[in-house]
Structures are given as structure tokens and as C-alpha cells.
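Using the hints, position chain B against chain A.
Top line first, the protein sequences correspond to chains A and B.
The first sequence: position 166 = 166 (the working numbering), numbered continuously.
Just add 1000 to the spot in the second sequence (first one is 1) and you have the working numbering.
Everything labelled a hint here was simulated from the structure, so no lab data went into it.
Think of the CB as a built atom: it goes at the ideal place given N, C-alpha and C, for glycine as much as any other residue.
DMTMM-like cross-link-like pairs, simulated, lysine to aspartate or glutamate; straight-line CA separation at most 20 Å:
1) B/K1482 x B/E1449
2) B/K1915 x A/D255
3) A/K258 x B/E1912
4) B/K1140 x B/E1717
5) B/K1109 x B/E1099
6) B/K1200 x B/D1725
7) B/K1464 x A/E104
8) B/K1378 x B/E1501
9) A/K92 x A/D437
10) A/K258 x B/D1918
11) B/K1546 x B/E1449
12) B/K1919 x A/D248
13) A/K258 x B/E1908
14) B/K1744 x A/E262
15) A/K483 x A/D157
16) B/K1378 x B/D1388
17) B/K1460 x A/E104
18) B/K1744 x A/E267
Here are a few chain A residues that face chain B, going by a calculated C-beta distance under 10 Å:
19) F110
20) V114
21) H161
22) G162
23) N174
24) R206
25) G211
26) G216
27) V227
28) N238
29) R263
30) F265
31) D270
32) I277
33) Q279
34) Y284
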Amino acid sequence: MNLFEKLQAEKLQHSTRREFLRDCTTGLGGMWLASQGVSNAAGPLNISRDPSSPLAPLSPSFAPTAKRVIYLHMVGAPSQLELFDYKPTLEKYDGKECPKEYLEGQRFAFIQGVPKMLGPQFKFSQHGQSGAWVSDRLPQLAKHADKMCFIKTMQSDQFNHGPAQLLLQTGSPNLGHPTIGAWATWGLGTDNQNLPGYMVLISGGRIPRVGSSLWGSGYLPSVYQGVQCRSTGDPVLNAANPAGISSDIRRAALDSLKNLNERTFHEIGDPETVTRIAQYEMAYRMQTSVPETMSIDDEPAHIHEMYGTQPGKESFANNCLLARRLAEDGVRFIQLHDWGWDSHGSSKSEALNGGFQDKCRQIDKPISALLTDLDQRGMLDDTLVVWGGEFGRTPMLENRGGGSGNKFTGRDHNPNAFTIWMAGGGVKPGMTYGETDEMGYQVAKNPVHVRDLHATMLEMFGFDARRLSYNYQGLDQKLIGVKPAKVIKDIIA
Amino acid sequence: MPRLFIALLLVSSLSAEVDFSRDVQPILNKNCIACHGGVKEASEVSFIYRDQVLGKGESGKIVVIPGDPDGSEMMVRITSDDPELLMPQPEHGPRLSDEDVKTLRNWIKEGAKWGEHWSFTSPKKHKAPNVKDSTWPVGKIDHFILAKLESNGLKPSAPARPAEWLRRASLDIIGLPPTIAELDAFEVAAKNDYAQAIEKETDRLLASPHFGERWASVWMDLARYADSEGLGNDRKRDVWKFREWLINAFNQNLPYDQFVIEQLAGDAIPNATLEQKIATTFHRLTQANSEGGTDDEEFRLIAAMDRNVTTWEVFQGISMNCVQCHSHPYDPLKHEEYYNSLKFFNNTRDSDATDNSPVLPIPLDPNKYAEANNLLNKIDQLEQTIHDAWLEVDKSSVWHPVTQLSASSNTAHLSIVEKDGFAEFRASDNAKINSIYTLTAQVPEKLKEFTAFRLTYLPKDEGKALTDAEWGASLNHIQVEKIGVDGKAQLVKLIDVIPDEAHPFFNPNKSLQKRGMGWGTYYKFFRPRHATFVLSEVLPVGEGEKIRFTLQNGGMYMASFALVAKRGRISLSDDSAWVTGQTDSKFVNARSDLQQARKQLNTIPHVNTLVIAERDPEHSRVTNFFNRGNWLDKGQVIQTASTPSVFPPMQAKAGKPNRLDFARWIASPKNPLTARVFVNRLWLEVFGVGIVPTPEDFGSAGEKPTHPELLDTLAVEFATEMKWDIKAMLRRYLTSAAYRQSNKVSPKLHELDASNRLLTRGPRQRLTGEMARDSALLASGLLSRKIHGPPTFPPLPPGVWRPFAGPKWKTPEPGDPERYRRAVYTFWKRSIPYPTFITFDAPTREMCSKRRMPSNTPIQALAVMNDPAFHECAQVLGQRMLMCKEESVHAKIALGYRATTSQRITPERLTELRKLFDKLEQNFTDNPLQSKKLAETADGAAYAVIASVLLNLDEAITR
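Isolated chain A, as found in the complex (with noise of 0.2 Å):
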């Protein structure tokens, strides 16, 4: 069955439901229909969703181990080198050119030639019961290295910032797929009826440049894709009433707005229009909620000072804050963007000795913030926290154009390995998945594929990847694709 007719088939199940509704369309918003589920039957999961309530929660295929996630994307990919993956060879090629078998076969975005080696540019050091590699950029986030799980040898096969990104939160470098986000919001629906079920924060001064592709639902209807929170006008679009129309006229409009479309439902019969009567309401309430939600004032001078956060300001310690916020509203999918993380050594902001001292900065605090805060509100235990930029970075310093001779040093990008950390929502705390060979470039024992890291997540949220599947252009589409993804055991609790 395609998705038309599965919708249409959908409502007419549902048709019957809304006649029994046509005279009480209070508090239709809130409610949804036992039919709505999650068939276990052998083949692809099929999810029945009433168009109605199409963000009603759902429980999946098996017990989740995370409810929520927060996941933080570095726009831009971190280097791995200079923060999680500490290679002390690496440090004594620095400045020698870099071998040839390395180069061979190997596409790079940047690097063009011989380019030279380049060392870990700060100190290492163990920290924890786990003895895990942080460097001195990140001192606060070192502090928690025992609730955090490394995957050192991540890997992408793109190697451009655009499809890699799209890769990373789709499953596809390509245009059109829905993200991992949209796929949880679908497949679970979410706890607040009254917020989206899934919300994007973004900082950095820049939106990813494949902008809503990255929080879009792809094939899947548009209900579930990812809802912009914006630092500057309304926190989500629209939620604000216009000048000069206050709550009770909204109100009152409301009601006369819903008595007439009520009427015309019973001259038409339409059931779109109880629908609509419906989705009025809900609008309504979300502009209350979403306010509520996403104002930090209210937040006691303690936690501001933990957060490092600003009223009022565009910063990724501020969406930190309402990260937290919105996980303990309810929210299913929390993706947060920071730009800036690109250092190719090409200018003083994208490079390791400049701006991405001041992004690590700029992280630190916050991320070591949030997982206190999630730790002591007992959110840890149930909400995914993930970190990672869309690929690695070249173990060789950047010469673009052909050669050095720059003030600013950087790295190209690699796709081949690099590092990412998930913590709560049952990853197994303190510990390091995979390894890297000696210089950092490529993977030695136990690759973790984009796909892999999808298949896993999708495990924790209890559903299987394999079967997860949306029939679209004849197709069962997956999160994961058709290659083969495996999902890391090792790293769940």
C-alpha cells in the first residue's frame, strides 16, 4: 500500500471516531485512538497513525532504554585530533611529509600533493576511573568522563560538509530523506501535545548550510518534521499574536472561529474541517506552552551561572538550557546546530589556533552543564545525550592552493575515522568503542558507520532498523538504507 492510500485508509478507520466527535470537539487535541500502534507481525513494522493526532505517543517494538535525545551537532566537524583521540605518533611525524600509502586511493576536499603531518596541537591527559583521553580545551566536560562512552572510529562516506551532514541525520547524503528525528517522532510521537515533538536549536551565528533539509521529514508527512526555535522573534514561527491582539481577544475569536467551522462541518461533513477545529485548539495551546517553555528566565541564578547562560542571547549555551527545558516538557527529538567548527587553518575563525579554541570554549561549560543538570533531575537515565561533528579531520595539515606558508593551522576533512560520545540513555558510561591506527586516520579495529550509529540509536529507542520502514515510491525506505548496519551491542548498557 503507498503512503496515499495508507493515509486515506487511515482516515477513513478513523472516520467513524470523529462523527462520535463531531459534538464534543473539546479537548480533541489530547486524545488519540487505541487503533493508532505498532504491529509486531514479522515483516516491515507497520505504524498506524490517526492524521488527527499524528504526534500521539506510541510504544515501540521493545522497551527503549532512552525516552528523549539531545543531540548536539558541531556543525562543521570537530577535530577528533586536538580533543578525544590522543595520538602521541602523531606528535613525532609533526611537520614530516606524509606518506604515501596514505594518500593513495584517497579523495580529499582540500589537500592537494605531499602534505605534511601535523601534531596533536594540545596537551592530553587521563581523566576518571575510565582514564579516557581529553585535552586541556574541554577541562569542564573532562570532569564527566566516566558517564560519557567514546566512539573513536565513527565513519562517513562523504567528505564534503553538505552531504556529509545530511548523511549523518538521514542516512543519505541526498535531498529528501527523512531525518533521525523525524523517524523517532513518527515512530514514538511525543509526550507534550501541546509543544512539537521535535525541536531545533541552532548557534554559531549560521544555520548548517543544507538549512531545513536537516531537520526535514523527508518522505514521511510534514507533521514530523523538526520545528525551528529561533533566538530572535518568536521562539517558534507564528507563536506570537499579532500587535494589538491580546490572549482573551485571541480566545474569543477562537471560540466564534470554532462555532462556525463546527457549523459548517455539519453542512458539509467534511471530516478534515473537525480536524482543523482541532488543530486550532492546539495551535492555541502551544502558544501558551511554547513561551513557557522556551523563556529561561525563570531559571534561578545558579543554574544560569552552571550554564554560563544569557537571557535573550543567540548561544549555544543558552539552547543547552532549553535543551534540558524541553527534554523535561516532554519533547521527543532535541537537535541542536553550532557552527563554526570547520578549522581548515584557511582564516583566524576556522582555525585550530584561533577559532576553535573559542568553540571549545564556547561548549565546554554548557555540555558539562547539561549532563549535571540531566544527572541530578534523574533525566540522565532516560535521555540520550550524543555529540559529534559530520566527519574527522586529516591527520595532515591542510595546504590548500598548494602549499603553507599560513600563520593559521588546520586540517582538511576525513571521513575515514573520527570520534563522537553518547552519554545516558542506557550507552554504557565510561567506556571507548573502536580504534584508531596510529596517526588517527584511519580505523584499526572496529569500525561504527553513520549507518551503525542509526541502527544502534534506533535500538535504544526500541525499534529495530531493519524493520523500521516507511513504503514510499514502492520502496520500504529506511533510516539505515539497504546496505547492511549493524547495531553496537557492546556500547548498551
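Below, chain B alone, put in the same frame as chain A:
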């Protein structure tokens, strides 16, 4: 239960005999194809082709033996109780139902007759079926619709009230609701003779200049029209002349076959007009990537593959995307057939270059099109003439290879390699941008006079580059000196650079002027390329003398690649014809004409617009098969472009089949899909659901038509006697009794036919995002009816516009008509699409989108209530109500209601709104500060809020 009922309703003519494509294929597609189809042929069994089904699997057993169900391995497997043998394997899917097993058994018993999928065979015209109620049908369409209703024991609905019909028709045909004056006139006419009024009104709507705007916005989803390039930096680019072409094409009722040919191959039509060249922008709307460090060849190929896939999807309703990596899972489309078809699109001049080339300077004023086209053709011809004439000179020239060469550079490591009788220079891979190469050549022995030299840039690996292009170079400047035996240098004056192609993107002579990009192999090149540099006069040279060439290489491309030569050769000529040719009147005149034509063209105000153009045959690209769809893993060379063998064969007009042949093959009445797909698309837009409910898939995984005879009859008539006349087809739809029905639905009827596939009632559709904006503008009286022009920038909520790379979003001030242009003109940025459109289910247009799935969300509610553009409309509509000549509050409210919903207000609604008005007026009287933010007076503010309620009515956002 209701679902079952519908399923029964839709299977109309159940005949006793099992039909393969109707009865068997769906079972196979659902249960078997995943493992035994085009993608995977597990145990060597596949159900796509008949000979495979009648053959043996890996086990040696025959899958299906016609006439012998019990001997057929398929039956053994699907009925087995042994979990080891049972198909589908228990972990892959449930057991087949008894009914399905019975169907398959009967099919084999009856001889396992194979049938080609319905849409792959030619449509046939059918006679209009007889109906019991002969008074209802207006046209042939209605006979098919009614016959189906009657066979299911159903009756059509009563006719819609005139206002309902006109609102629906007006929004469907011109994308705007009727004005109050239009409603008045139509209601009067309908009272007289409803049928005649409908005919006349349909003609008026089809003749409206807004017709083209509405249908352009439909086509723009298919054409993936956007004003930005997509991936990477998503920069702005100028393609809006294509929208203008599209609007005109619909307004002028360009026959659909012509519409298809011009978009796919307008550039190749003999004596193409400028309009036809603009039409090819259709396939330049693919994404481009200008992110630093991206490989142009990769994204060029992605664009070429998109063109291939989009062509099949848009014009043929076939999903071809999956065939890039493997044979089609359901349909008989073989993996290699994707590449046979890709070859049609793989030889265009565009290459994902950041300068967007090729572009054409399209005059802003369409009255100048003919003049510009003449000049463009003249320029083309003159360039060709000059090129051909130099080729003649070249034929008789002898080139003396430089065999002794020394090379140096302070920013690149250069070496000399002896190859093919040349001493050629090679540069290290990390040669820096703007590197200067000093090449000193010994004058070849036999050379007594020096008139020209040839510089050839070669790929480092010539064999591999044919399929994996290498980064190119630009020669930004060249200087030549003769070094005497005494070591003294004498500057050699150069007068001309003659490239090896007739129409280079950059002026090669710039290499003589030190003014940026000159001759070169930018940006990626496949084969050795050369240019001939001509001396201003014949220079005597002798033994022991040397020629010193100083080459200044190009700079950085896309912030990453150095446009620096990696390998090159030089040869010298003593043919005086190179020098004398420069003053030969043949060249002199042609050049001066060329210069004149270019200058003249440049004086016409224009916008450089991306178009498709074909590469010259001598520079054509090689098309390869990609192993498993991976462009880096190239397989055999595709020799000839062709269409899949399941379809009627394609005839090439002359020589090897090309893009124009392909376009004509599509736009032919013999093509089984083209007309079906298009009449279905028109049907979908007007009736809300297609006769084939899956317009994106006419293959066997898509849905079957609800009225197959009707679809085929319409398709045949459209492609033959109607001569692909789009407006005439829409006229048939609009004047039908089916379309005229009221859209009221009883719970029982809704249960029987929820999505109205049988047309038990008139269509009721939510407005598209474009219609939502335009309707609000029209109701408030703000709408600008100006047609055409560059993209517009309507009001945006604050915080939305944060583009990665420009442009500025400059909204004209309130009162400026440019602020109130129709939605179709809104600047479309793929990474930041206009929020209202996306909220109302428009695609982001990154790729071809075949259908919008209407959703119903709180975000839509927030948009119409609070978006600044809608709010402005509410305020102005409130003002319109306040200021209108009607005196009473009731009349003012009734006016607003009619302006937004096209209906006359009922007493109950009036009471409801009057109650609200009184409450609001009181509130605003008590709160003057609040009131002032909406209008001058309290009653004005109250009308503004009433207007907002009206714009948000279910009736106002549906048609």
C-alpha cells in the same frame, strides 16, 4: 469493514479468468519481489520476466509450469508446512492468504498467462458506457463516472450551488477565488441557464492571464524550480525567465507535445527560437554545489542523473531512481537501461561550474527576444566559421614538437618527461596557485621561421581521465621571448589565441592581456586540450636559439582547487598562413562582425539565464555504466543512448539517437505513458485524486486506475484528435457533471468512498500554500495582478531569513504593489523556503516532486492567524469592511464573509460574528492603546479581528 467494502467497490469487472497484471502481480509484488525481484534474485528466482518464472531456480526445480500447479515449485513452497521450505520465509513475512494461494493456483492452471503491465501497453479508446440515468451526463467523462457509480448502486450528488462551483473552478483554473463582482455576474447567469453559464465562465477562466500563473506553480514542483542552487552554499541564481516561459506556455496553450520537446531539447530544435532555448532551463534547475572542496564532476553527474530520473518521473510516471544501483525491483527496467538513458543527458556543456555556465543573456524585454536570438545565432555561426577556417589552416600546417625543454618555477616542482616525441613538462600536485612556469625550448632543428606555437595541456593519466575527469587549469597570462645565441632575450609579440573549440566559455585572448581567466582546461577535463598562439609576424629563428615561454597559471577555484597546469607540451609551426590569416579579409571581416554582434547583444538589457547546451561532438563525454550505481566504480562504456526495451522502440532522425530524438519519442502518441500521465495530472489537480491515485508511479507498484477505460480514452483523444490541447482537456473536466456536483458528504457516503475516488460528490480540497496567500491578498484587495518579472520578496516573520549565502530579503514597504505579488513569484530558496508554502505542504523543490500530500497541522493555524503577511491582509480586509459603502455592521460582515469564502453568509453565522464584533468593539473601546495597534478606531480594530477570523475559516482555506 469499510475498507473492505471500498476494495470491493473498486474491483469492477471481476471476470472469471485470472488476469496477470490485475490479480497476480499485486500478490507477487507484496510477498515475493523483495527477495525475488529486480534487486535481489535469491536462489536465482525472480518474478519480473516471464522466462525467468518459467525457468529453474538454483534448486533445479521449475518455478512455474503452466497448467500444472502441483508440479510448480512456487505452489509447493507457498503451501508448505515445513518452515524450512515455506515461502515467504517466516522471518520475512506472513504466510499467503488462502485466497491468494487460490488465485495463484488458478492462474497456473489456466496456463500462467503473462500480461505486460497495463500502463506499458498502448491505451485504447473506449466507447462511452451506457448508463441508466441518461439525463445526468454532460459529456463523455460523465458516462464513465456514472456507469461506475451505478454498477456500485450509487448515485451522483446534486449539483453545487453556483457560488460553490465558481469558487472551486476559479481556484482550480486560475489559482484565485472569484471576486464579488464575478460571483454576482455568475449567479445571475446561472439562474438563467446554469449549464451555459458554466461553459462561458470556464472559457473566461481559461482565457485569463492568471491561468498560466496557477499552472506554472503546479509545473514548478515537477520542474524543481527554485531561485537558488540547493546543496552546498545554496547561492542565488537567475532562472526566472523560465517561469515567464512557463506562464506564457500555459497561457498561449502550447500543445503538450511541444511543451515536452521544448523543455527537454529546445536547444536542439532546428532554428530554435529564444523561447525554446529558455525552455531548456527546465533541466538546469537541478541542484549545483559550490561548497569549497566539492568535486565538480561528482555534482555534474548528480545533476545529469537527476535529469534522467526526473524525465522519467515527470513525463512517464516511472520511478527510475532505484535503477541507478540495480534493476527495478518491480518493473522490467534493467540496470543497464538506466545508463542507456543517462547517455542522452551526459553530454551537456554544464559542469557544476561556480560561474553557472552555460548561460544565455536573455533580454528583460521579451520584444527583444527575436533580435537577441538572431545575434546569438550570428555569433554562433561566426565563431563556427572562424573555427572551421582555422581548422583548414591547421590541416596543412606542420607542427614541430619541442624535444628539448627546460622548466623552472619557484612555487611548483617541475620536471621534464620524454613522451610521444615531445619533451613535456610535468608539475607536482601541490603546485601553488598563480604559479609561474618558465619553459625554455630549444628551437627545433628544421624550423627556420616561427609563426605560431601550440600549447597542449594533458591529463596526468590520459586513459583514466576519459572517465574520471581531472582538475583543469587556466592560463592567465603568457609571455614569449626569443633567446639569441648570445643569450639576449627579445620579446615575441603574440596577436591571437585560437582554441580547439568553436565556442569557449572564456575569451582565450585574455591570456595575452593579464586579465583573469584566459585559455584553459577549466574546470575539469577529460582529454588533452590545446590552443594555437599566433605571432604578430613571421620570426626567423636559427640553430642554437631558444624560445622562452613564461606561463602564469590561474588562481584558486571554489576556495580549494588551484587552476594550475600539471602537464603540457609545446610544438611550433613555420606555416606563414597563421600570420597572414590574421589580415586575411575572411578572418578580419568575420571577427569584426563577431565583435559587432557581441557588442550589440550586450547593449540589450538582459539577465544571464542558465540553459542547457550540448557539447560539440569532438569534445563529447564518455558515458559509463556505474557498478552498483557508484560513480567512482565505472563499468563498461555505453555506446548508444536508448530507451528501455519494454517500451516501443525509438527512432533516431539521423545518426545516433540524441536528446531531441528522446524528447520526440516521449512526446509521441505512440508512447503508452505520456498522455496517460499528463491527463491524470490535470485530473488530480482538479478532482483532488487522480484516476491513477499514484501520479508518481504508473508502474506495477503504483495503484491501478479507478476508471481505466476513461483514462485510456482521455489519453488517446488528448494525443490524437485533441492535438495535445491542455485548455481543451481542462474544459472537458470543468464542464462535466462530475465536477459540477456539490461536495457535501453524508457520514454514510464518506464511509463508502472516503477519498472520493468514485466521484460520488464534488471535490473539496484544501488550498495550496500559494492559493492561501493569493486568496488572502485578493480578499483584502491588496493583490497585485502584475504578470511576470524577477523574484519577489513578500513579508517574512522575523528571524527566518538567515541565509548561508545571500541574497538580502528586501520586502517592499506597505503600499508598494510589489509587496503584494502572487505567490508564484516569491523568491524560492531551497534551504530557507517561504514558511507559508512549506507549512501548507509545498515541497522544498530540491528535486522533482510529483504530489503534495495535504496535512492539517497547528502550524498552519498559527501561520494564518499570526504570520505578518496574513495579518496585514486581515487588517486591510478589516479596513475594507469598515470603509465599504454598506452602512450596517451586518452588511459589512457579510461582505467580508463573501470576500473570503465566496459564499453568502447564513443568519446563524451572522449572529455568531455579530456577537463577536460587539464584544471586540467594546474591548477596543476600553483599550484604545491596544486598538490603535490594529486600526485607527475601535470598530476598525474589531473589523480587523473579524477579518482574521474570516481568513481562518475552514471554508476560506478550502476550495
